Amino acid sequence: MDAEQERIERLAQQMSVELPPALDERIQREADAQFETFKQPACPSWAQRIGRIIMKSHIVRIAAVFAVIAAVAFFHQTGDVAWALEESIAALSHYRAVLLEGQESERTWSEDGSKQRRPSKYWAVANADQTGIEKFRAEAAGALILTTDGRKTWRYDPDANVVYVENRPYTASDMWWGAQFFEQMQTWRDKGIFTQWNVTYSRDAATARERAVLTCAMPDGPPSPRSLEITFDVESKLPISLKQWENPTWEGPADLVIEKITYYETLSDDLFEMEIPEGAQVIEE
Amino acid sequence: MLTSEDRRWIRELNQGDREAWRRIYEKYRVRMFTVALALTGRPDLAEDCLQDVFVRLAERAGDLKVRSSLSGYLSAALLNRARDVLRRAGRQVSEPVEDLGCSSPAPSPLDRLIRDEQVTALVRALGQLPLEQREVFILHNQARLAFRAIARQQEISLRTAHSRYRYAIEKLRSRLCKEVNHGR
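First to last, the sequence lines map onto chains A and B.
Numbers in our numbering are just positions in the first sequence, counted from 1, shifted up by 5.
Letter 108 of the second sequence, counting from 1, is numbered 91 in our numbering, and no numbers are missing.
For the record, the hints were derived by calculation from the structure and aren't laboratory data.
As the structure is a prediction and not an experimental result, all values here were calculated from the model.
Chain A stretches covered by chain B per the calculated footprint, using a threshold of three residues with CB under 8 Å from any CB of chain B: (1) 8 to 19; (2) 31 to 37; (3) 88 to 96.
Note that the Cβ used here is the ideal one computed from N, Cα and C, for glycine as well.
Whole structure, please, built from the sequences with the hints as guidance.
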């Protein structure tokens, strides 16, 4: 422990505030009222005494011991939580790049009115202090649709076979999809922006690895109501999948499904430059 | 561990002795009120918590069972109550609490002023911690609970309790350093 930690702890231990006199009086008055109706607990009934005698029987006592062990084991499992969000935040800080693979609902609707999902992949590299995304690449249905190398941005319209080029970076997000994202989630949870925060545990059927599943809702956004389900690998502490609904109640199919998340220390710069498709028109903006 | 004094008072309380309740109240009320205020961030919510915990203590007279320590028992009750009132108030604590002062006597008015500023800065920084980290920090330093007791109370592993405390210290250290720099 260093001097600064000791100073902080000493300050905390010295914090003190006197009760307002009105509160003091109120508490004592209400407690006194409880004692007016106090009744001494009755002597154990005959049934309770006989129960205690039976418990002294050797066989029953052994069974009781096993019941206690089972109860302790149960509480040990449910009480000994193996994952905490802080551990994921710490684990994520080691990685500056990530690949998200999954499916996203298309903005256009099909003829029957239902949204269509298309497979999507997103690569992202954090900036130097991991507070934002510097390089970003997005593919939809197997086609590269946007990429930025931190200086220039290319957007591709596969239907028109046109590439738009801008001499400025694209801001995929105002925060890094790593430790900072989950720190922000914690802050928003504490401010009541995230609600229904719940963690459950399960075991992956294929790998037998333990998972922690966090669900939470954002009834008022920002920017719009949504609900989330994020799965963490308990051993590595890393998030491994994510689902997002554009409603606050997890209703219907998820609008964004990230089925696989891969972490890297870095990614090659080549990944974030666009190779102009054959015959594509290039428009500088 | 139950002190012999607390054990005697619990025994007497269970016999309906209201003086035993009063002694317990006198001993723990300031510390528990400070804990409640640091947890909830609002004097009105802290008052609700404290009133509820000590009135329920009186209600339990005759049937009170305390296994670990009275401080731990009261802190656990306070923590649960604080979470309830915060949920009902529809928020978690994110605003700093300005009511807390320093209880240690200072040699001079100037020293007292310096110490109060430091405590105020600490309180402000505490209010910005995630709730779980704030709870562990306050329960360890204000309610004087060991990490094992905190882990049991919060239903987390001992390792997680230590982890949360470490993160709390790091964030407090960083925020208090910024406060000093901004004050220059």
